[in-house]
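Number of protein chains: 4
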Amino acid sequence: MNTTEPSSWLRRSIMDTRGMALGQVGRTHLLDEKTQGDFRFTVGPYSAPVMEIDPGDRVVIETLDTFSGKIVDEGTSPNKVIQLPYIDPQNGPIMVRGAEPGDVLAVYIESMEPRGLEPSGTCCLIPNFGALAHNHNNPVMHEPLPEIVKKIRIADGSVHWSNTISFPYKPHLGAISVSPEMDSINSMTADQHGGNMDMPDICPGHIVYLPVRSLGARLFLGDAHACQGDGEVCGCAVEFPTTTTIRVDLIKNWKIDWPRLETPEAIMAIASGRPLEDAVKMAFYELIQWMVHDHGWDKLEAYMLLTQVARVRLGNIVDPKFSVGAMLDKKYLAPR
Amino acid sequence: MNTTEPSSWLRRSIMDTRGMALGQVGRTHLLDEKTQGDFRFTVGPYSAPVMEIDPGDRVVIETLDTFSGKIVDEGTSPNKVIQLPYIDPQNGPIMVRGAEPGDVLAVYIESMEPRGLEPSGTCCLIPNFGALAHNHNNPVMHEPLPEIVKKIRIADGSVHWSNTISFPYKPHLGAISVSPEMDSINSMTADQHGGNMDMPDICPGHIVYLPVRSLGARLFLGDAHACQGDGEVCGCAVEFPTTTTIRVDLIKNWKIDWPRLETPEAIMAIASGRPLEDAVKMAFYELIQWMVHDHGWDKLEAYMLLTQVARVRLGNIVDPKFSVGAMLDKKYLAPR
Amino acid sequence: MNTTEPSSWLRRSIMDTRGMALGQVGRTHLLDEKTQGDFRFTVGPYSAPVMEIDPGDRVVIETLDTFSGKIVDEGTSPNKVIQLPYIDPQNGPIMVRGAEPGDVLAVYIESMEPRGLEPSGTCCLIPNFGALAHNHNNPVMHEPLPEIVKKIRIADGSVHWSNTISFPYKPHLGAISVSPEMDSINSMTADQHGGNMDMPDICPGHIVYLPVRSLGARLFLGDAHACQGDGEVCGCAVEFPTTTTIRVDLIKNWKIDWPRLETPEAIMAIASGRPLEDAVKMAFYELIQWMVHDHGWDKLEAYMLLTQVARVRLGNIVDPKFSVGAMLDKKYLAPR
Amino acid sequence: MNTTEPSSWLRRSIMDTRGMALGQVGRTHLLDEKTQGDFRFTVGPYSAPVMEIDPGDRVVIETLDTFSGKIVDEGTSPNKVIQLPYIDPQNGPIMVRGAEPGDVLAVYIESMEPRGLEPSGTCCLIPNFGALAHNHNNPVMHEPLPEIVKKIRIADGSVHWSNTISFPYKPHLGAISVSPEMDSINSMTADQHGGNMDMPDICPGHIVYLPVRSLGARLFLGDAHACQGDGEVCGCAVEFPTTTTIRVDLIKNWKIDWPRLETPEAIMAIASGRPLEDAVKMAFYELIQWMVHDHGWDKLEAYMLLTQVARVRLGNIVDPKFSVGAMLDKKYLAPR
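Residue numbers (my numbering), protein chains in the order written: chain A, 7 to 342; chain B, 7 to 342; chain C, 7 to 342; chain D, 7 to 342.
The shape of chain A in the complex, shown without the other chains:
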């Protein structure tokens, strides 16, 4: 399930028309837990690579859940087994041959499957975390909220929240990044390199574009969710371990400042920051740059058009930086 086969739109995508592999699928690599070894909790240029691939190659990746699998049942205390910032373990870095600063890494997500014989996800109420609770950025003097752990069965294309409530299985990657130029950023934080955007549109069937800032690009990913509401308000989606299959390509001569996303129907620029309006403004600004530089728009015309038809998607409002996607239907991309 949830495998998206290459389709005609992909052949017209930026990835397959401008990528070095031109849509040709290369070798398939396996990045299983054993190959990964130590998972990464910080995204930067200093960690040892786990694999090197060519543009066009496919990688099948075993991801851990955000808790590294340590919350084994509903009786586990998150506070006892999780120590911030050791959260959101990342696979990687995967090196991409030929990638250099100024390039763009394209990642097409083919599929995301839950791992395990009886697949399940985990949702917690973690004390001192979440949008409506005492947290690092929002200290209050109240007594802490209780810890709550829920184990949620994933089966038959559904996420079984309770005996009576099920949600559609809509898997996505909470975090995907290339390395920053010289900083190394914990896996909880989103920024221009990607990171923990918690954007549900980063899902099977869509393409993510990331601005390369170091030799080899250094791709990291993790923090899969089986579903997530906009804003991820309590701070914890249905967190689960996956087998995720991606195809990677490299685009030369394309300047982007923030992660971008392509779907069959739309393009999206994703920015992260605080307060939330700054993330919205940066996402729109990036989308305007895209329209101006790739599609010949006048910047003020683009600004006025987006005011009428852009869509905004809220990733999370719980992590160190909030993430927002500004999206435009491709049919409006041609300038007037």
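If you are wondering where the hints come from, they were derived from the structure by calculation, not from laboratory data. It cannot be assumed that every hint is accurate.
Identical chains share a label here; the pair holds if one copy fits it or two copies do between them.
Said to hold, decoys possible - Straight-line alpha carbon distances no greater than 25 Å define the calculated DSS-like cross-link-like pairs of lysine-lysine that follow:
{"hint": "1", "residue 1": "40", "residue 2": "337"}
{"hint": "2", "residue 1": "336", "residue 2": "176"}
{"hint": "3", "residue 1": "258", "residue 2": "305"}
{"hint": "4", "residue 1": "76", "residue 2": "156"}
The hints should help you fit chains B, C and D onto chain A, whose structure is shown.
What follows is chains B, C and D alone, placed relative to chain A:
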């Protein structure tokens, strides 16, 4: 076009099951420009009523565009004809018999039709306004942006932005309010009383609920848009004058703190504030109160469920307060 | 105590050099509780005047504490006697003859004395209020904080917090306003009209300038504090009833957009907004306008100079809008 | 000038009473430009140490200005010689023997002297930077501001801004840090590790305390200012190269979450974040923890006391995170 006939979902709506009129449609009133007389630029308990109606009554209203029709063509200078805060002229106040503080006013929007023989809307780039420009809250030292005025033809269910680009006609009310208790708030500003939320879901076929804070409720509305993107980033949607038909009812014994919305499939709480994350948090908090008080949810269970399946809609990020809707599909409303 | 006699700096102040009274003190009026009658909880053009004075006149005013005196001892429950928004009762409106939109009202605070035989102030921890607690803009899911009431003796020029800790008596007006043009704004909220700025520099010996927006200016004031830290973080200073003596004048042909303040040594622009950086930016922008229009500075030169020597004072970060003062020593006012 | 000799208050300071050296001054090391070699633009655990010292040792350090000295005169274009993020070059890392995660590093700043035969500082208006301009977090559609460079003579204890305006020489370190645990953070950004706080109180005569997160602590510092206004609004203080002398000690068994500061009269907690109110709240929360854990205060009593007498100092509102100090006079530290 865009008239929504009462349908089966309406009969099961909160409005028609808990409203005093119980879905019975009363008399139809006409609030045309002449009956309105002076339009209102501040929403409060001090202005003279223009009409009194009974719960269940229908009102057909001639609204002005946000510029009071003063931008007659693309050669008009907004700076010369518009003087803040004289923007967003409101019809009203319409008094509702029997309304008193603590009640909820329900407004079902039946239809919104453009006015004029050759209907058109107006979009401007207004100096010192807009999310990506010098504005009141975001002063910068740069030279002003140019003024730009676009007249946009509305016909055949489309908004004709240019010779090559058309958008679907998706009319909605930018502003709808009851009076605050003792404050009077300019029509540009949204808050708990409603106001200038610029929420595209406040449209034909949907019901808005507003917390009554004064005798007679004092309903105001205006600022129609023929379409609008999330965030209304440049500050100006496709602004147009309409004939808007609403049906009004009154619900006793229902405590709400913010405007709420009901659609066939979903419920939404709408909050307004700055920074934007505060609006998001207040909207979610109101939605949780709704789930707890009307549907028997435990508050932390509700908080965790919304994290998985809530949707967030961004109204505007350009007005004195930013507006956000937090939305839940009705099918998830029953507690586990 | 705390009476500041007119001194030589006053004769060189903007008030006394540009005001209509030119420093001549007129009649003295008494606005005692009885003359005031109903105190005001909203600041606007709709309330009945309590008094009319001439430019240059002095007014001796009996103010109530922010709780209207209802918290009589440490056993009183704030939740039982206080109902928002009925907080911060204001004296006024005082009409000033000849004041019209575009003028500036100057208010020199001569003295503030505590009222009562055994003067005391009140500080509370009010549930659902304060910067580090659940509050309207910052909803959290925690259980409420406890109510705490402290009665604090004011004597001998000191505020006696406990048996061992005393603070200097530094009285100031938390709120002072003229009426907005057409809005009426609750007394908890600060904005361009003044309002609840909680700026400790609005104190005896200093002059406040307010932008007149309605005929007669309509001066309101109240919410005296015997002392207050920057930010007023728990939301409650040492609140006390006073006899406050002010002198009022009127300045023609001076355009200001926000409240301004003059001390013997410095000038300050006070802006209010959210998030806090917006208030800081608006205060600096207003200060730059002041330097440009009154002192001949180039705007970018002013911007760079302020970067080196401006001081920022934080009023409150607990009310609906946060207030900030940007201050410059007068000795730097002459452009290079 | 600006050398502060050890005085009696130092002997009672936290540094000299709880530090391993107990106020005994050890060896003096010279970290001149040559010893430093490459300056650092990111603060983390990955860079090679430049020096190792013992607790109690003194270090004399040659710092560069924020532009690495590349803006040689008023004709230099900042855009041509400066490439973000290569700004704020840091000396270090200096390793402190025995330092391990959980310790606190104490740094007493003895003196800061300008370097060069004719000492001068640099102030620029840098396009796309500054609080009142288009910048990374606040994109606007306006045309860029002009570049302006000012060279400012520093002599006779004054900063000579122009022929007619001079400011007092008040040198301080814009940036001082220990390494984060596993992240590496560019030198423009402040956070719990310290970083670019631009807090004028980090000056000769004061002590900074930093939370050690890695073996050896890894001390970095730089970005000296000859003076700076609150908020550093245009983004550029009077930037200058210095000879800075510090004394370093190590405190065991003291848990701090943010940088702290001690002066003869006061204690300050410094937090960094966005929006600005978050930084204020975190700084107050840290100050309350300090009062509770080191001085026996009840947390709510501390919260209410700070509301009356705390002072807030604004560092910068221009860098990736805004910095704020919450300060309490030591005389109020004893609980009632």
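Against the structure, the hints come out as follows:
1. 40 with 337: neither (45 Å within a copy, 42 Å between copies)
2. 336 with 176: For residue 336 and residue 176, the Cα distance is within 25 Å both inside one copy (23 Å) and across copies (19 Å).
3. 258 with 305: Classified as within: same-chain Cα gap 24 Å, cross-chain 43 Å, threshold 25 Å.
4. 76 with 156: within (13 Å within a copy, 47 Å between copies)
The earlier numbered hint that this structure contradicts is number 1, and it is the only one.
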